[in-house]
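Asker: As a plain string of letters, each chain reads:
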Amino acid sequence: MLRLRGSLGEGSRGHGRAQGQTEFRGHRPYSPGDDLRRLDWNAYGRLGRFFMREYEHERTEHVTVLLDCSRSMAAGDPPKHLLARRAAAAFGYLALKRGGSATLAGQAAVEGVSRFSRFLDHLVAAEPTQDTGLHARAEALFARGRAPSDLVVISDALEPLESLQPLQAMSEKRTNLTLLQVLAPDELDPRPGDALELHGLEERESLELTLDAATIAAYQRELERHLEGIEGIARRHGWTLALTDSAADLRELFLGKLLPAGATP
Amino acid sequence: MNLLAAPALILLAAAAVLVALATMRRGPKRRDVGTLLIWQRIAEQAQAQKRSRRNFDWLLWLLLGALIAGGIGAARPAWLKPSAQPRVAVFIERLQPGADEPGLEDAIERARKLAPDSELTFYLAGADELEEAGELKSLRPGAIQAELAQFAARSRDADGRVLLLCAPVNGATDLGVVVSRVNTASEGAVFEIRPEGDRVIVRETTPDRVQIFDARILSSRKDGRVRTWECKPVVDDVEVQLIGSDERIFKLKRRPFVIGVGEDWQGDAHGALYEALGADSADGGEPSAWLGNRDRTPAVRINLGARTDLSGAQLSYDPGHLLFHELPIESFDWLGEGRLLAPDESARPLVSAMRDGERLGDLVRLKAGGVLEFAGDPFTHAPVAAAALLLDNALGVVTGERPSERARYEPVGDWRLPSERAALAEPFEPQGELDLSTRNESEPLEFTTWLTLAAALLVLAATALLLRRE
Numbered sequence: 001m002l003r004l005r006g007s008l009g010e011g012s013r014g015h016g017r018a019q020g021q022t023e024f025r026g027h028r029p030y031s032p033g034d035d036l037r038r039l040d041w042n043a044y045g046r047l048g049r050f051f052m053r054e055y056e057h058e059r060t061e062h063v064t065v066l067l068d069c070s071r072s073m074a075a076g077d078p079p080k081h082l083l084a085r086r087a088a089a090a091f092g093y094l095a096l097k098r099g100g101s102a103t104l105a106g107q108a109a110v111e112g113v114s115r116f117s118r119f120l121d122h123l124v125a126a127e128p129t130q131d132t133g134l135h136a137r138a139e140a141l142f143a144r145g146r147a148p149s150d151l152v153v154i155s156d157a158l159e160p161l162e163s164l165q166p167l168q169a170m171s172e173k174r175t176n177l178t179l180l181q182v183l184a185p186d187e188l189d190p191r192p193g194d195a196l197e198l199h200g201l202e203e204r205e206s207l208e209l210t211l212d213a214a215t216i217a218a219y220q221r222e223l224e225r226h227l228e229g230i231e232g233i234a235r236r237h238g239w240t241l242a243l244t245d246s247a248a249d250l251r252e253l254f255l256g257k258l259l260p261a262g263a264t265p
Numbered sequence: 001m002n003l004l005a006a007p008a009l010i011l012l013a014a015a016a017v018l019v020a021l022a023t024m025r026r027g028p029k030r031r032d033v034g035t036l037l038i039w040q041r042i043a044e045q046a047q048a049q050k051r052s053r054r055n056f057d058w059l060l061w062l063l064l065g066a067l068i069a070g071g072i073g074a075a076r077p078a079w080l081k082p083s084a085q086p087r088v089a090v091f092i093e094r095l096q097p098g099a100d101e102p103g104l105e106d107a108i109e110r111a112r113k114l115a116p117d118s119e120l121t122f123y124l125a126g127a128d129e130l131e132e133a134g135e136l137k138s139l140r141p142g143a144i145q146a147e148l149a150q151f152a153a154r155s156r157d158a159d160g161r162v163l164l165l166c167a168p169v170n171g172a173t174d175l176g177v178v179v180s181r182v183n184t185a186s187e188g189a190v191f192e193i194r195p196e197g198d199r200v201i202v203r204e205t206t207p208d209r210v211q212i213f214d215a216r217i218l219s220s221r222k223d224g225r226v227r228t229w230e231c232k233p234v235v236d237d238v239e240v241q242l243i244g245s246d247e248r249i250f251k252l253k254r255r256p257f258v259i260g261v262g263e264d265w266q267g268d269a270h271g272a273l274y275e276a277l278g279a280d281s282a283d284g285g286e287p288s289a290w291l292g293n294r295d296r297t298p299a300v301r302i303n304l305g306a307r308t309d310l311s312g313a314q315l316s317y318d319p320g321h322l323l324f325h326e327l328p329i330e331s332f333d334w335l336g337e338g339r340l341l342a343p344d345e346s347a348r349p350l351v352s353a354m355r356d357g358e359r360l361g362d363l364v365r366l367k368a369g370g371v372l373e374f375a376g377d378p379f380t381h382a383p384v385a386a387a388a389l390l391l392d393n394a395l396g397v398v399t400g401e402r403p404s405e406r407a408r409y410e411p412v413g414d415w416r417l418p419s420e421r422a423a424l425a426e427p428f429e430p431q432g433e434l435d436l437s438t439r440n441e442s443e444p445l446e447f448t449t450w451l452t453l454a455a456a457l458l459v460l461a462a463t464a465l466l467l468r469r470e
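Going down the list, the sequences are from chains A and B. Going by the working numbering, the first sequence opens with residue 1, and the numbers climb by one from there. Going by the working numbering, the second sequence opens with residue 1, and the numbers climb by one from there.
Each hint should be verified, as a subset may be incorrect.
[Stated by the list, open to error] Straight-line Cα separation of at most 20 Å, DMTMM-like style, residue types lysine to aspartate or glutamate; simulated pairs:
#, chain 1, residue 1, chain 2, residue 2
1, B, K29, A, D194
2, B, K29, A, E172
3, B, K29, A, D212
[To be verified] Chain B side only, calculated, beta carbon under 10 Å to chain A, not exhaustive:
#, residue
4, P28
5, R41
6, A43
7, L104
8, S288
[Said to hold, decoys possible] To list a few chain B residues with every Cβ distance to chain A over 10 Å, as calculated:
#, residue
9, G34
10, T35
11, Q40
12, L60
13, P116
14, D157
15, G197
16, L218
17, V226
18, E247
19, R248
20, I329
21, A368
22, R416
23, P427
24, L445
Derived by calculation from the structure, the hints in this document are not laboratory data. We put the beta carbon where it would ideally sit given N, CA and C, even for glycine.
Using the sequences and the hints given, assemble the complete structure.
Answerer: This is the structure we're talking about:
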């Protein structure tokens, strides 16, 4: 399942930053996988080594991925964190591939496609075992002082809407934000059941409920209200918002939905 | 075990099912979810709904209902039907049989005065014969004791009893208050017209109101309020007429008494005995018995035995048999005639000859169809008086009625006379009291069975509901 919600001007980059800024900035060493069209053959002729030409707009394309590593991301079949980490890897790879850099929030920035494996290492280490939710991680990111230019947030966003406050604050500082909301199939469409002990991985608490038709209908109404709340925030701040279930196909997610919708990068 | 135990066992069985379910019941299944954020909101909404309206849990209410029904049932509640009025049963002794009952309205009214504000039920013997029986309950007519026994049985649920009797009866006060059936003594009531042999006995209460026609008055005697007439009809039809305001005629006619004579009943003694019977001529109708006839029945047959040496033999007979009633058995020489009937298993021996404890044969025996067989002819050889007595008994055996006791007249038509008690009824002081203070409550109706059954059904329904939830 994949649906895009409330993005501002699909295909745009949101804040109207000038496109096609090609002011030459300098060179950097060639890394395998770099676009050969930007290889500076003159420099190679003079120096005998490959250098890549860098332009101003590429230099500023730095993607920060804020991956929700709270325990709730371990839920679902398949678990939400699997699609979340794969999507984060894809975002990082695309950024690196375009000559930019990618940072997994809380980790060092990675530059160059050749260092993509380091980014992957960061992702592998990002197990969904943390006590901190999206709110705390966003606040920590915001507390660093400099808001990222492009921020990709991958989370189930099943937190009170107030937890999105730090992200909204970053949007005020011209951060281009994409929110990929990953929910488990059973979270989008719960299976009915009689008296159940619902154990929240996030809260480590249990709740007894009978999942009859009325309760499920109430859940879906409440979930829809929550999603609409997020959508309203996204609309106000020009976020690109996508909702997917954890069983969605990654290729379809990116090529079919996220990238055409203008998601970073 | 009584009837109440069966539903209790059903309840216990239901309890066993509940216990089994309770032990087998598992807790709710666990399902992991990422976060309870949304679910908690649902739970809060559910809690709010629970607070806003009462939670109607069928299981709880079913079990509560079972508990209430079982609890009330265990207390053995019973419904005592209150009686708005005391129920009093009234027995009215009949003054005369038939469709009319003199003084009935007066008797009913007197009973009502005795038990005011009561629900009265009236019982009369043969009330169903009355032209206006109304709500009167009918008893089978009979002796007063028999009628009172029926009344006691039929009125056992009554709170009290009133008995209007013609005269006091021993033990009647045990049933209730006894009052007189009449206000004034009965007079001039014929209560008996009884044929007896060739005579008719008439009994009435004084003053005399009887005239008897075509009969010769043999005697008339007065005993207290009762006059007894003994008369002998001189014609075949006799009338006993009651004169006065209640003019009635009771007719009697002669009953034919015909005895046939056969070829063995031809001796002089036989003829004398036959004459003594006073039988009608043979053309008076079909004989009720035959003498000395070997073909017709019922009959007294003689000389049927074979010549036998009966020396040393002894007699054996049942002295209690009707044949020997008041009979001087020693006047007969049963063995002297030397005749003996061979033993016949189909006949009942009445007089047998025995020798050395062994039955040689019969001297007199009774066969099916009312045939009395004599081996010899005791009627000829015995003294006349004894022979006449033997013949009277013998005809009594074969016809069921001894000629000496046989009524020669019988009533014409279906007329019935009042009882002697009714004819002699006179006022007497009330005996006993009508006590309604300890009136019987009606049979209480217990609900325990039904309540226990309801409790069991409720428990079963709760069990079914529980199974559905599982």
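Asker: Against each hint, give a clear statement of whether it holds in the structure.
Answerer: Now the hints, each set against the structure:
no.	hint	result
1	B:K29 with A:D194	holds (9 Å)
2	B:K29 with A:E172	violated (46 Å)
3	B:K29 with A:D212	holds (14 Å)
4	P28	holds (4 Å)
5	R41	holds (5 Å)
6	A43	holds (6 Å)
7	L104	violated (79 Å)
8	S288	violated (98 Å)
9	G34	violated (3 Å)
10	T35	violated (4 Å)
11	Q40	violated (7 Å)
12	L60	holds (16 Å)
13	P116	holds (70 Å)
14	D157	holds (59 Å)
15	G197	holds (103 Å)
16	L218	holds (110 Å)
17	V226	holds (98 Å)
18	E247	holds (98 Å)
19	R248	holds (95 Å)
20	I329	holds (104 Å)
21	A368	holds (89 Å)
22	R416	holds (86 Å)
23	P427	holds (89 Å)
24	L445	holds (45 Å)
Violation of the numbered hints given earlier is confined to hints 2, 7, 8, 9, 10 and 11; the remaining hints are satisfied by the structure.
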